[in-house]
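S.K.: Could you build all of it, start to finish, from the sequences and the hints given here?
Here's the letter readout for the chains.
There are 2 protein chains.
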Amino acid sequence: MKLIKGGVISPKGFMASGIYSGVKRKRKDLSLIYCKGGTTTVGMFTTNKVKAAPVLVNEETLNKNNNIKALVINSGVANACTGKKGYEDAKEMTKITGQSLNIKSNEVLVASTGVIGEFLPMDKIEEGIKKLSKELGNSIDHGKWAAEGIMTTDTFIKEMAVEINIGGVPIKIGAMAKGSGMIHPNMATMLSFVTTDINMDKELLNKALKESVEDSYNMISVDGDTSTNDMVILMASGQGKNDLINNEDEDYKKFKDALHLINTTLAKKIAKDGEGATKLIEVQVKGAISKDDGKKICKSILMSNLVKTAIYGEDPNWGRIIAAAGYSKGNFNPHKVDLSLSNSEEEIELMKDGTPCIFHEKTAKKIMESDLIIISIDLKEGNNHVKGWGCDFSHDYVKINASYRS
Amino acid sequence: MKLIKGGVISPKGFMASGIYSGVKRKRKDLSLIYCKGGTTTVGMFTTNKVKAAPVLVNEETLNKNNNIKALVINSGVANACTGKKGYEDAKEMTKITGQSLNIKSNEVLVASTGVIGEFLPMDKIEEGIKKLSKELGNSIDHGKWAAEGIMTTDTFIKEMAVEINIGGVPIKIGAMAKGSGMIHPNMATMLSFVTTDINMDKELLNKALKESVEDSYNMISVDGDTSTNDMVILMASGQGKNDLINNEDEDYKKFKDALHLINTTLAKKIAKDGEGATKLIEVQVKGAISKDDGKKICKSILMSNLVKTAIYGEDPNWGRIIAAAGYSKGNFNPHKVDLSLSNSEEEIELMKDGTPCIFHEKTAKKIMESDLIIISIDLKEGNNHVKGWGCDFSHDYVKINASYRS
Chain B
50 MKLIKGGVIS
60 PKGFMASGIY
70 SGVKRKRKDL
80 SLIYCKGGTT
90 TVGMFTTNKV
100 KAAPVLVNEE
110 TLNKNNNIKA
120 LVINSGVANA
130 CTGKKGYEDA
140 KEMTKITGQS
150 LNIKSNEVLV
160 ASTGVIGEFL
170 PMDKIEEGIK
180 KLSKELGNSI
190 DHGKWAAEGI
200 MTTDTFIKEM
210 AVEINIGGVP
220 IKIGAMAKGS
230 GMIHPNMATM
240 LSFVTTDINM
250 DKELLNKALK
260 ESVEDSYNMI
270 SVDGDTSTND
280 MVILMASGQG
290 KNDLINNEDE
300 DYKKFKDALH
310 LINTTLAKKI
320 AKDGEGATKL
330 IEVQVKGAIS
340 KDDGKKICKS
350 ILMSNLVKTA
360 IYGEDPNWGR
370 IIAAAGYSKG
380 NFNPHKVDLS
390 LSNSEEEIEL
400 MKDGTPCIFH
410 EKTAKKIMES
420 DLIIISIDLK
430 EGNNHVKGWG
440 CDFSHDYVKI
450 NASYRS
Chain G
50 MKLIKGGVIS
60 PKGFMASGIY
70 SGVKRKRKDL
80 SLIYCKGGTT
90 TVGMFTTNKV
100 KAAPVLVNEE
110 TLNKNNNIKA
120 LVINSGVANA
130 CTGKKGYEDA
140 KEMTKITGQS
150 LNIKSNEVLV
160 ASTGVIGEFL
170 PMDKIEEGIK
180 KLSKELGNSI
190 DHGKWAAEGI
200 MTTDTFIKEM
210 AVEINIGGVP
220 IKIGAMAKGS
230 GMIHPNMATM
240 LSFVTTDINM
250 DKELLNKALK
260 ESVEDSYNMI
270 SVDGDTSTND
280 MVILMASGQG
290 KNDLINNEDE
300 DYKKFKDALH
310 LINTTLAKKI
320 AKDGEGATKL
330 IEVQVKGAIS
340 KDDGKKICKS
350 ILMSNLVKTA
360 IYGEDPNWGR
370 IIAAAGYSKG
380 NFNPHKVDLS
390 LSNSEEEIEL
400 MKDGTPCIFH
410 EKTAKKIMES
420 DLIIISIDLK
430 EGNNHVKGWG
440 CDFSHDYVKI
450 NASYRS
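Each protein sequence line maps, in turn, to chains B and G.
Take any residue in the first sequence, note its place counting from 1, add 49, and you have its number in the working numbering.
Take any residue in the second sequence, note its place counting from 1, add 49, and you have its number in the working numbering.
Certain hints may be false.
Put simply, identical chains are the same to the list, so a pair is met inside one copy or across any two.
Claimed, not checked - Pairs of lysine to any residue residues, derived as SDA-like cross-links and limited to a Cα-Cα distance of at most 25 angstroms, are as follows:
(1) Lys134 to Ile423
(2) Lys73 to Cys406
(3) Lys378 to Asp264
(4) Lys385 to Glu108
(5) Lys173 to Thr404
(6) Lys140 to Cys406
Read the hints as simulated data drawn from the structure, not as lab findings.
M.R.: The structure is reproduced here in structure tokens:
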């Protein structure tokens with residue numbers, strides 16, 4: 050597997066772009082991915098009971114048709130909690146995109162992100178889609194523009210591409226994602242769009258995506274709020290022309306590993322770019338009785354506002370970590386736990402067999418000053434290890450979110 | 050029922066005081082409640098798997114002996130995650146208190162609040178308890194000093210007393226509590242100590258306490274973090290000399306109502322005084338299928354960092370409220386929901402039957418500027434109504450918690 054420059058435009062058959070259409074102030078706010086030859090497409094969506102209109106529309110579309118040719122995304126307005134009109138607006142976006150590209154509206158998926166409860170400015174969206182469909186291309190810049198158009202409070206572009214070798218044929222996977230706030234994916238994620246030119250059976254694509262999402266996007270948390278608009282879409286053009294993969298052989302595993310690297314890397318980027326974040330936090334839970342117990346403990350630590358503010362303040366207040374593990378619903382025995390804190394260079398032991406250790410405050414301080422903080426907790430109960438990612442909680446989180454609408 | 054001046058010293062038979070012993074810098078940090086004649090005492094404790102030493106010691110004590118005569122509390126150090134030594138220190142506190150008051154150590158309960166993972170300065174504690182046991186009294190000031198001694202980042206004293214009439218006999222209930230951070234009680238609460246001179250059967254006292262706690266302390270959240278030290282203790286001296294209450298008659302109900310008023314009022318005070326809080330938030334969930342569904346939705350809204358920061362920023366970003374209801378595990382149909390926002394004077398409708406309403410931004414702004422914000426959500430599914438309380442999320446929460454240890 051090798052990392053290559055690019056993003057969603059890297060796999061064969063895909064074009065993309067992003068423009069400013071006027072939904073949002075002063076930033077690109079409309080993106081399009083297009084594959085003329087069609088794709089096999091699978092997706093995962095938010096488990097929030099309140100589903101945004103584009104989520105509802107895509108679920109319907111994918112139930113009937115997996116040959117998707119285009120995906121249109123706007124930022125600025127989430128088109129969530131917008132009732133019947135919102136649903137019709139999302140449908141209209143697929144229709145306008147279909148007409149502009151001369152394809153059917155049920156070959157188009159749609160996504161939105163931004164403020165909840167406001168209606169889309171459909172005149173601007175219409176004009177924007179028409180313009181955008183004429184500006185598609187497959188240069189690295191085109192991919193970047195598309196990745197820019199889906200950003201909200203994100204501070205950097207999140208895209209990535211890798212190349213793998215499948216039976217002598219080079220196969221590419223590209224992706225773009227956005228995160229920042231209302232980040233606590235559950236069974237799906239923020240917006241993440243993955244393209245590939247692999248030739249693979251739909252059920253296997255679906256399986257690879259589901260399994261990877263569980264351990265990547267679903268293991269990050271910025272603020273514990275699961276969005277109404279979360280979605281991850283995987284589109285496979287088949288234009289890499291490898292022999293069709295239709296069982297879980299070595300090639301399937303190779304693809305799955307590459308896909309998982311992409312998803313994990315983007316998930317970490319989303320965590321690191323959480324609203325107001327200054328540090329990436331990785332929580333490793335080792336020795337859990339079950340994976341589920343490990344995940345509960347991992348997420349509880351990642352979500353604790355007290356842990357997050359302590360890390361922002363560079364204060365190794367580890368009691369809060371143990372308290373957060375304790376109020377999670379995950380099983381463990383507090384008297385057996387080992388706890389340590391590390392960055393990429395140094396490590397200190399904070400607890401051994403449930404009892405506090407004496408540690409060098411200086412080394413602790415050095416670790417806390419890093420921009421990657423690794424919290425490792427060994428439950429010594431079983432053989433399940435899990436990892437998750439989050440970020441610290443700063444003054445800027447409050448600043449950003451106290452006036453998001455204005 | 051009438052409100053009276055005072056706190057834990059108001060019911061007959063109780064003395065108290067609070068002093069500075071040196072655990073904490075520059076503030077009272079050690080309190081004692083004493084009832085020479087003995088009491089019938091019941092308690093509820095944190096459900097966090099990681100239980101602080103005083104919680105473990107009290108659970109053991111109350112399993113064997115309900116005739117409690119004294120309760121000693123320190124602030125500054127939580128004596129949590131302190132292993133065997135911490136357990137022995139908590140036992141030692143009951144022993145020293147027992148010796149100082151000439152009672153048995155198993156007639157003493159103990160509580161701690163403060164930093165997790167540090168050991169108590171036992172020499173200072175010992176000296177403090179000896180001094181404190183000579184300074185007990187039952188004046189209003191003595192009650193206030195005791196309430197001061199249990200504060201951590203609390204900005205005001207939380208105490209209260211009421212008087213009720215039981216069969217012609219005046220019966221009093223007094224209480225003191227502390228909250229501020231790591232506030233998300235579960236089956237218990239922060240530190241809350243309630244005294245009464247009622248003469249009542251132990252099982253009934255226990256029942257009244259449990260039922261009241263479920264709808265008061267267990268319905269508040271400051272930051273979603275359930276502490277290792279939560280406890281609520283109810284001590285009844287019986288010295289009011291009413292005829293023993295041993296069934297759920299009118300007198301029992303009268304007492305329970307008064308107790309619930311005390312618990313609810315203190316719970317709201319704790320929510321209002323949440324770290325960095327500028328506003329009290331009340332969430333009313335109406336028409337839930339079950340009480341449990343209502344509570345899940347209520348707590349999810351109260352705990353949402355995005356809702357809390359929006360309210361701090363006085364931004365009626367109601368989409369976040371609906372999103373938080375949606376990712377709770379509570380059942381409802383998003384297409385039926387009514388949502389409104391009010392203060393004590395005005396109300397605006399934000400959603401009707403799941404569709405956004407057009408509302409006056411000016412009225413919304415006026416409501417958002419209040420220091421009490423009421424969020425009311427009608428699910429229109431059943432007959433269960435629940436209420437809960439929390440606070441907004443400000444820059445100061447981050448400031449306070451980024452450097453709590455130092």
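S.K.: The structure should be examined with respect to each hint, and the outcome stated for every one.
M.R.: Hints, verified against the model:
For the identical chains of this complex, lysine 134 and isoleucine 423 are neighbours neither inside a copy (46 angstroms) nor across copies (28 angstroms), given an alpha-carbon limit of 25 angstroms. Within a single copy, lysine 73 and cysteine 406 get their C-alpha atoms only as close as 52 angstroms, which misses the 25 angstroms cut-off; across copies the closest is 22 angstroms, which meets it. Taking the shortest alpha-carbon separations for lysine 378 and aspartate 264, both the intra-copy value of 19 angstroms and the inter-copy value of 22 angstroms come in at or below 25 angstroms. In this homomeric assembly, lysine 385 and glutamate 108 come within 25 angstroms of each other (Cα to Cα) only across copies, at 21 angstroms, whereas the closest approach inside a single copy is 45 angstroms.
Only between protomers do lysine 173 and threonine 404 lie at most 25 angstroms apart by alpha-carbon distance; the minimum there is 23 angstroms, versus 61 angstroms within a single protomer. Only between protomers do lysine 140 and cysteine 406 lie at most 25 angstroms apart by alpha-carbon distance; the minimum there is 22 angstroms, versus 59 angstroms within a single protomer.
Checked against the numbered hints given earlier, this structure breaks only hint 1.
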